[in-house]
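The chain contents come next:
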Amino acid sequence: MAEINESVYGASEDWVDAVSYASGADDSQKLKYANFNDEEFYKSRISTAIGANKLNLDTPWDNSLSYCGLGVNHPLSNITWYWVEGTNEVGQTNILKVLYQEQKDVTNFALGTSYSPIYGPTGDDVDCYRLTDNGSNNKFRFSRWNNSAAFDGSFSNYSTFQPFTQMPLHRVVLCPIIVCSSNNNDDIHYMDLANYLQASNKSNFPRVRQINVDVYVDYLTPYEDQDVVRPGYEDINIDWKAWEDEHPGYEYRVHRQGLGDTNAMPILDTTAAFDGLIDTTGPTPVELNNVYLPITAGHAAGSTGITIAGHLFGARGIGTGDVNRTRVFGVASGFGINFDEVAHKSDIRPDVIANGAFLYCDASKMSNNAFREAVRRMVACFGLFFVDSHYDATLPLDHEKMMLGILRDGVGNGQYTNGVYNRDHEQWLLDDAHDINYDPGAPTPASWDPNSYLDTMNWSSLANFKTCTERYNLQAGQIDQIFSTLWTLWDTFDPEAITDGSIALAQIDLKQRQSFLTNNPLDCIVGCKYFPITESMSTGSATGVKVGVVTLTQPGGSTEIQAPNAKNSIHFDCGRVYCAPQYQTQLGKPDTTWLDQYVGFELYLPFCGNVKLDTATYINKWVTVEYDIDLITGCCSASIGVASSETAGSLFMEIRNGVCCIDVPITGIQQSTIESNYFNAITNMKSNKNSFAYSMINNVLDFGQNVANKDAMGAINSGLKTLNNIDQRIIAQASENYNLTHTQLPTRTIGTAGAINSAECYLKPILIVTEPVLNIPSDYAHTIGYACLEYGTIGNFKNNHYREITNVDLSGFTCTETEKEMIRSLLASGVYV
Amino acid sequence: MTVTLYKMTSDPRCLTKSFVQSGGTVWTQSFGVANTDNIDMLNPTICLAYSKTIDNTNQTIDFSANYAKIDTFDNRYYFIKDISVGTGGKIYLNLAIDVLYTYANSIRSAKCCITRSEDAGINWVPDSKFPFNSLNTITKGESGLFKTPFGKNPSSPWILSTINDNGAVHTTPTPPNNNE
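Sequences listed follow chains A and B, in order. Heads up, the first sequence is in my numbering, so the first residue is 20 and it goes up one at a time. Heads up, the second sequence is in my numbering, so the first residue is 18 and it goes up one at a time.
Among the clues, some could well be false.
Said to hold, decoys possible - With a straight-line Cα cutoff of 25 Å, these simulated DSS-like cross-link-like pairs (lysine-lysine) come out: (1) A:Lys420 / A:Lys221; (2) B:Lys128 / A:Lys839; (3) B:Lys86 / B:Lys107; (4) A:Lys384 / B:Lys164; (5) A:Lys817 / B:Lys146; (6) B:Lys98 / A:Lys839; (7) A:Lys49 / A:Lys73; (8) A:Lys839 / B:Lys86; (9) A:Lys384 / A:Lys783; (10) B:Lys86 / B:Lys34; (11) A:Lys839 / B:Lys34; (12) A:Lys221 / A:Lys783; (13) B:Lys34 / B:Lys24; (14) B:Lys164 / A:Lys631; (15) B:Lys164 / A:Lys640; (16) A:Lys384 / A:Lys485; (17) B:Lys98 / B:Lys24; (18) A:Lys817 / B:Lys34.
Worth flagging that the hints you see were computed from the coordinates, not collected in a lab. Every value quoted in this text rests on a predicted model; they were computed, and no experiment measured them.
Sequences and hints are given; from them, build the entire structure.
The following block contains the structure:
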């Protein structure tokens with residue numbers, strides 16, 4: 020048992036009831052606060068503890084305060100602090116910058132309430148986290164105790180957070196709440212995890228702005244006496260949003276199931292909804308009052324000014340409208356849920372934000388299973404019981420839908436169990452959260468076994484991956500334009516114009532023209548692939564397709580060919596299928612369920628072939644298929660997993676790889692070659708023209724001089740030489756002209772053709788079930804009997820039925836040993852008894 | 018030593034045996050054993066007189082008898098395996114003990130494990146003797162149980178990779194001024 024520091028908290032008998040309990044309630048079942056100073060009116064607040072010198076300001080989490088640690092992957096151990104300020108190089112203001120990224124092995128955690136933490140600490144006052152900056156640490160302070168900024172304009176130097184010193188484990192159930200909005204507006208919705216993943220909620224509200232935890236601790240059901248029957252959340256036909264709209268105020272925050280001690284539990288006579296470390300009483304559009312424990316990013320809080328208003332660790336409104344407030348806010352990400360998308364960028368610069376900006380996680384990029392699993396893990400780290408749906412908070416603690424976070428040395432890393440497996444963990448036997456064996460003052464992080472009990476596996480994106488090439492996702496018709504453009508793009512020369520001298524050599528000066536990076540368009544094309552994928556492969560908006568420095572245009576015009584960039588990879592959850600036993604017991608007929616061991620399961624996976632599944636592993640369970648497709652190389656990996664239920668996490672049993680793209684070769688003009696040929700031919704022709712004229716003049720001059728000198732032979736020779744030169748130049752001129760006009764069009768092909776066979780095959784995963792067909796003779800039972808394994812006294816079974824009996828106990832028989840052997844042998848070989 | 022003969026109609030493997038009735042009671046014949054030397058109790062061969070006089074009536078052995086009980090051997094029951102006729106009017110019965118019927122009551126009281134049974138509904142273990150006709154294949158998933166990212170008619174299936182100058186280096190934003 021973790022040592023409760025009663026020297027800090029006060030004697031346990033003096034601890035303060037968290038709420039008003041009915042008289043006679045069992046004291047050990049109550050939620051209780053500390054009593055830091057019995058002389059103070061607010062006996063339980065952190066500010067009281069600090070004022071009474073009970074807590075050390077240098078150690079924000081007192082060793083006796085935290086009942087568990089949140090592991091390295093939990094969002095609260097991975098906080099990115101942002102800063103909004105300043106002007107960028109082009110004069111734009113409100114620049115969003117990452118100030119500091121925090122990563123801790125363990126975050127000590129305590130649960131408590133803070134009903135009215137209006138303002139947090141300021142200046143050099145209490146319970147701040149300090150980010151030192153060369154000793155000038157007045158500017159960067161982050162309070163882990165409430166949501167107010169260190170530099171809040173309204174000064175107040177106390178914290179009203181009240182940690183629980185007594186938290187009965189079996190009366191606390193958490194439920195994740197998703198705060199979300201649509202792609203088109205900032206209208207904020209919030210719903211529990213099960214509801215969010217149902218129907219169209221996830222697709223309608225894909226922008227997850229915050230993930231909170233609703234804490235259910237006791238009995239409150241104002242609709243208890245009304246005839247309202249809640250459907251089970253597993254009913255996929257229920258539109259929960261509509262249902263809850265039809266039943267406004269329907270409250271079911273109930274939890275009164277425990278370790279077989281339902282009757283011993285007192286009934287609270289007041290509201291038992293609590294928030295956690297951080298209050299959310301800020302100006303929130305949906306009035307998330309006193310209910311939630313935010314465990315991830317902050318969300319917007321209004322529409323004036325720049326309002327990235329994190330309700331997370333010292334975050335508050337930021338921007339020009341909040342000059343007195345801090346502009347630093349923290350955002351927590353983890354388990355694959357990353358709040359790295361920015362809404363309301365003011366322009367194409369991603370670091371410049373506009374009014375109403377907020378960071379969010381785009382849940383549409385995640386499969387339901389991956390999202391559910393990530394949220395469950397976040398919640399599991401708290402080491403308490405939890406459910407997906409708040410309607411399930413009343414279920415028994417070993418119900419299939421009831422989950423329990425697993426702690427290792429008091430640290431939660433996201434593992435959890437459900438159902439009867441909850442009984443395997445220490446929380447099942449412990450009474451109080453502070454009985455958990457956790458030492459928040461341990462010098463080294465508690466150990467964590469990533470392969471621990473009942474863990475599940477998921478795909479997640481790779482961070483910081485880049486490619487050097489630009490990859491465009493083209494529509495079906497655009498590829499024709501590309502193909503055509505590569506043949507016509509450089510068709511700007513007019514060979515005849517060049518040969519007849521109407522085009523000057525300077526006009527084909529390559530320096531004066533746009534050129535590709537390598538002068539050769541095909542050299543700038545790395546590859547062209549066809550993906551038979553109907554899922555979106557694009558990201559961002561369409562831009563002009565550039566090859567080298569040239570933006571390609573449509574053939575015969577100046578309209579740019581525009582396409583969005585392609586994603587590096589896409590992940591697709593194909594869902595799960597129940598590997599159903601094929602033989603069911605029918606009344607009055609032989610039980611043939613044992614035949615299921617002869618049932619064969621096989622998966623057909625497009626591009627990855629067929630995979631035989633081990634019957635014993637999959638039967639009566641769910642087989643899951645997920646594809647991860649590399650859009651750079653075309654490789655695809657299909658992970659085959661097994662899950663114990665329709666919603667349980669999946670364990671990968673096998674991964675099969677394949678190639679799902681078709682490489683398409685591209686042919687175009689070898690631009691550099693043709694330009695070189697043209698250039699040489701034109702240059703030679705020009706040279707010929709010049710030298711021909713010069714030679715003619717010289718020869719004519721020689722002829723004239725010889726005539727003047729009366730050198731008849733010289734004149735004749737000069738005349739012959741001239742005639743010869745004329746003849747040779749004419750031949751050379753004709754030759755160069757021929758070279759120019761008959762320059763062959765050099766072409767080049769990029770890439771090789773890929774096979775299309777796989778893509779023309781069936782493109783949907785199929786579960787193939789092979790089962791034996793029985794032929795049971797009518798007298799089979801009477802003559803051979805069905806195999807069984809039953810135990811008992813022979814005379815108690817039905818008379819005169821065929822049986823084969825082994826291991827009969829012959830005690831008390833007075834027969835001979837030989838007779839006993841005969842009896843054993845006869846019974847084993849089959850008798851009618 | 019007296020041998021009582023029966024006409025048993027049950028399968029030898031039955032714990033409970035049925036016998037031919039006569040006049041409302043089980044048909045029997047009892048004979049004294051002529052020679053009791055060297056008899057094996059479990060597989061005895063006994064010698065009977067072919068005929069005897071009872072109540073002044075000369076009775077002969079009914080050769081349709083197939084079952085016997087020997088009182089001297091603690092009323093053990095026997096199958097008549099064979100009957101042979103010897104010299105001097107002697108009849109020889111080759112017997113084999115029926116331990117099932119002899120110890121039926123004890124067997125019924127014995128605890129055991131049943132590995133095969135005629136009763137339907139309890140056979141939940143693999144049955145190696147079960148006859149299979151053939152294999153039949155059922156294909157599941159055609160009705161859309163699995164989703165797929167692939168399709169034959171994608172709208173934007175092409176990815177063109179190029180080298181270009183879009184990777185221009187942008188100026189890194191300056192950090193915030195700590196003295197503000």
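Comparing the hints with the structure gives:
1. A:Lys420 / A:Lys221: Roughly 21 Å separates the two Cα atoms, so the pair holds.
2. B:Lys128 / A:Lys839: holds (14 Å)
3. B:Lys86 / B:Lys107: Holds - the C-alpha atoms of lysine 107 (chain B) and lysine 86 (chain B) are around 19 Å apart, at most 25 Å.
4. A:Lys384 / B:Lys164: Since the Cα atoms of lysine 384 (chain A) and lysine 164 (chain B) sit roughly 16 Å apart, the hinted pair holds (cutoff 25 Å).
5. A:Lys817 / B:Lys146: Holds. Lysine 817 (chain A) to lysine 146 (chain B) sits at ~22 Å (cutoff 25 Å).
6. B:Lys98 / A:Lys839: Answer holds: lysine 98 (chain B) to lysine 839 (chain A) is near 21 Å, not above 25 Å.
7. A:Lys49 / A:Lys73: Holds: lysine 49 (chain A) and lysine 73 (chain A) sit about 24 Å apart, inside 25 Å.
8. A:Lys839 / B:Lys86: Holds: lysine 839 (chain A) and lysine 86 (chain B) sit about 19 Å apart, inside 25 Å.
9. A:Lys384 / A:Lys783: OK: lysine 384 (chain A) and lysine 783 (chain A) at ~21 Å, within 25 Å.
10. B:Lys86 / B:Lys34: Roughly 13 Å between the alpha carbons, so the hint for lysine 86 (chain B) and lysine 34 (chain B) holds.
11. A:Lys839 / B:Lys34: holds (19 Å)
12. A:Lys221 / A:Lys783: holds (24 Å)
13. B:Lys34 / B:Lys24: Measuring from Cα to Cα gives roughly 10 Å; hence the hint holds.
14. B:Lys164 / A:Lys631: Between lysine 164 (chain B) and lysine 631 (chain A) the Cα gap is close to 20 Å, so the pair holds against 25 Å.
15. B:Lys164 / A:Lys640: holds (18 Å)
16. A:Lys384 / A:Lys485: holds (18 Å)
17. B:Lys98 / B:Lys24: Since the Cα atoms of lysine 98 (chain B) and lysine 24 (chain B) sit roughly 13 Å apart, the hinted pair holds (cutoff 25 Å).
18. A:Lys817 / B:Lys34: holds (16 Å)
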